[in-house]
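Undergrad: Letter by letter, the chains look like this.
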Amino acid sequence: MPQTRQGKQLMKGILKLAYKLLVNDQAKFSALLLGITFAVFLMMFITSMFSGVMNHASSTVINIGAPLWVMDPTVETISNSVGMPDYVLDAVRSMQGVKYAVPLYSGGALVKLSDGNYQSVTVIGLDDTSLYGRPELIEGKIQDIYAENGFVVVRDAEFSKLENPRLGSEFELNDHRGVIVGTARVATSGLYGLPTLYTTYERAIQYIPNPRYTISYVLVEPKSPDDIPRIKQQVEALGYRARTKEEFMKNTADFFIYKTGGGTNMLIMTAISFLVGLSISGQTFYTFILENLERFGALKAIGTKSRDLVRMILFQASFTALTGYGLGVGACVLLIWLAKVRLPSYAAMVTFGNLAISFAMVVVIAAASSYAAIRRVLRIEPFDIFRG
Amino acid sequence: MPKKAIQASGLVKWFGEGEAKTMALRDVSLEAQFGEMVYIVGPSGSGKTTLLSVLTGILKPNTGKVLLEGVDIWGLSADQLADFRLAKIGFVFQDYHLFPRLTTAENVAIPLVLRDKNWGESIREAEKYLDIVGLKNRAELYPVKLSGGEQQRVAIARAIVDQPDILIMDEPTASLDGDTGVAILSFVRKNVLNQDRCIVVVTHDDRIYQFATRILQMEDGRLKGPEKKGA
Chain V
1 MPQTRQGKQL MKGILKLAYK LLVNDQAKFS ALLLGITFAV FLMMFITSMF
51 SGVMNHASST VINIGAPLWV MDPTVETISN SVGMPDYVLD AVRSMQGVKY
101 AVPLYSGGAL VKLSDGNYQS VTVIGLDDTS LYGRPELIEG KIQDIYAENG
151 FVVVRDAEFS KLENPRLGSE FELNDHRGVI VGTARVATSG LYGLPTLYTT
201 YERAIQYIPN PRYTISYVLV EPKSPDDIPR IKQQVEALGY RARTKEEFMK
251 NTADFFIYKT GGGTNMLIMT AISFLVGLSI SGQTFYTFIL ENLERFGALK
301 AIGTKSRDLV RMILFQASFT ALTGYGLGVG ACVLLIWLAK VRLPSYAAMV
351 TFGNLAISFA MVVVIAAASS YAAIRRVLRI EPFDIFRG
Chain P
1 MPKKAIQASG LVKWFGEGEA KTMALRDVSL EAQFGEMVYI VGPSGSGKTT
51 LLSVLTGILK PNTGKVLLEG VDIWGLSADQ LADFRLAKIG FVFQDYHLFP
101 RLTTAENVAI PLVLRDKNWG ESIREAEKYL DIVGLKNRAE LYPVKLSGGE
151 QQRVAIARAI VDQPDILIMD EPTASLDGDT GVAILSFVRK NVLNQDRCIV
201 VVTHDDRIYQ FATRILQMED GRLKGPEKKG A
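Residue numbers (the working numbering), protein chains in the order written: chain V, 1 to 388; chain P, 1 to 231.
No lab work stands behind these hints: they were computed from the structure. Predicted, not measured: the structure shown is a model, and the values here were computed from it. The C-beta atom is built at its ideal place from N, Cα and C for all residues, glycine as well. One or more of the hints may lead you astray.
[As the list claims (entries may be wrong)] List time: in silico DSS-like cross-link candidates among lysine-lysine, alpha-carbon distance up to 30 Å:
hint, chain 1, residue 1, chain 2, residue 2
1, P, K60, P, K21
2, P, K224, V, K141
3, P, K88, P, K136
4, V, K16, P, K21
5, P, K88, V, K20
6, V, K112, V, K305
7, V, K305, P, K60
[What the hints assert, rightly or not] Pulled a few chain V residues facing chain P out of the computed Cβ check, cut under 7 Å:
hint, residue
8, K20
9, D25
10, K28
11, E148
12, L290
13, R295
14, T304
[What the hints assert, rightly or not] For each label pair, taking beta carbons as the anchor points, the in silico distance ranges come out as:
hint, chain 1, residue 1, chain 2, residue 2, range
15, P, G178, V, V363, 21 to 29 Å
16, V, V363, P, D79, 28 to 36 Å
17, V, G353, P, V71, 25 to 33 Å
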């Protein structure tokens, strides 16, 4: 329809005009972009660091990958397990809805290096029968883990702390002999910068001094996802707690957010970044509009409708915000990439959540900046232009 | 019989209420034909600018009627009125109001862009009109690089680029020296005025009265007779 075609062309022309007015004022456009880019960069960087820390904190949960974890009710993070007696494993295995259940050991130990120094390590003891939760091997055969003193080492950023062991390398763990029978890769490294060794559950509890109860977690495979609530109820009745993988990761994140001050710090820094962006872009954009106020009045006098002026301003604000968002995200990704080149275990990761949070804040910055400008432009009367 | 471009009758406009009430227009009626260059002259505060605003659909009168080319503009909706202004009226403002960050060609192209022409076409058309006002070689310059007279010519080019039937010039010589002002109005009279266009000029600069076809005098919100016949 001709009406629609004209409307579209008019919008195109007005937006082009808005674009020219914006980008031709290089000083203000640069200041606007800089403000928003800087704010997005900070917001992205802070939330990415936090996401990275959260991800690393839940690394064992992610790497093992079990859908349901049974644990002592006081456990808040994966690294602070409380041993459970053997009957818990038997009880869980007999629960309705459980396909199978296996024990998992997770603990720390000291490895004596060839130079006589000691290196702390994380030891994961997998169920002897099923090796449920085993990592993906890069070298070696998984069945060699059953060989005498067999351990699989994770080849991640912390690998070198064990003097880059090869297949057959020997080490001493709590005065026990250990042999590297495989190297593996995992999805996520741990938070505390410790190398990780996998072995069987029985060897882990044999090598590492433990309290009376040795099962750190019982990993449960439900018959179907619908059985999870029922299993949780039965575990609850037993005096323990069952958490899904996602719940356990959230519990770990909540611990860092609410019980370590990390969440508050992140919130404060993100809010400061937001305010920096808002104040720079809001003030610059408002000044930009003020500088052109009489011309906007002249446009009104010529015959431009108020809603078209509003569209122009919204376009300018959106264009600046989206460009700044892209540059800010790009700068953040680049910095994290560079940091990871130097420090492979660098705990920062860009998630869809970070992107969404920063985007939402940029939208708020653009909306707040344009709101003041739109109010000002709508108030200008063409008659004032004639009066001078 | 010449066609009537403007017919205004019984225009009354006041500002404020009660003791603060100020009468700006007191029962003003006027007509202007196509082919005329009508001056509205008078001292500051006489109501010239208010009359201009009422005639162009910018300021609503308290009472009275304005017909432009036979259309009762104050009977139109806000959107219709804006469209009417864009299509039928060209404005030359006292301070030009050129966008400093747009080139002269881009400034001139604005009315075309606000209508439905695409950007490239509008710029080419604007360059033609810059040629008409003698500024073809200034198309790529920004207004700040132009003299006052040149800026005024750009404003005129912008006002006529969409070939409006009615051209409104508000104090067109206020920011110009005498010779430039005279040259500009001489140019307008010779090159912009034609039988299909009516030009209304608000001014109190008697050096340019020679270019009017008719002069209306305002005083204290009223048009004072008798009208003077211009050149």
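Undergrad: Keeping to a limit of 30 Å between CA atoms, is the pair of V:K112 and V:K305 held or broken?
TA: violated, 79 Å
Undergrad: Tell me if the straight-line CA distance from P:K88 to V:K20 falls inside 30 Å.
TA: Since the Cα atoms of P:K88 and V:K20 sit roughly 26 Å apart, the hinted pair holds (cutoff 30 Å).
Undergrad: Min Cβ distance, V:K20 to chain P: is it shorter than 7 Å?
TA: OK, holds: V:K20 within 7 Å of chain P, min 6 Å.
Undergrad: Does V:K28 hold up as a contact with chain P if the rule is Cβ-Cβ below 7 Å?
TA: Nearest chain P Cβ about 9 Å off; hint violated.
Undergrad: Next pair to validate is P:K224 with V:K141; report whether the Cα-Cα distance is within 30 Å.
TA: violated, 109 Å
Undergrad: When you check the alpha-carbon spacing of P:K88 and P:K136, does it fall within 30 Å?
TA: holds, 25 Å
Undergrad: Is the hint on V:R295 kept, meaning its closest Cβ partner in chain P is under 7 Å away?
TA: Cβ of V:R295 sits 5 Å from chain P, so the hint holds.
Undergrad: Given V:L290 as an interface hint, is its Cβ closer than 7 Å to any Cβ of chain P?
TA: Where the cut-off is 7 Å and the nearest Cβ of chain P is about 13 Å from V:L290, the hint is violated.
Undergrad: With 21 to 29 Å as the target window, see if P:G178 and V:V363 comply at their CB atoms.
TA: violated, 55 Å
Undergrad: Closer than 7 Å between Cβ atoms is the bar; does V:T304 clear it against chain P? Give me holds or violated.
TA: Holds - the Cβ of V:T304 comes within 7 Å of chain P, reaching about 6 Å at its closest.
Undergrad: Given the hinted pair P:K60 and P:K21, is their alpha-carbon gap at most 30 Å?
TA: holds, 16 Å
Undergrad: Decide if the proposed pair is consistent with the structure: V:K305 and P:K60, CA atoms, cutoff 30 Å inclusive.
TA: holds, 16 Å
Of the numbered hints listed earlier, those contradicted by the structure are 2, 4, 6, 10, 11, 12, 15 and 17.
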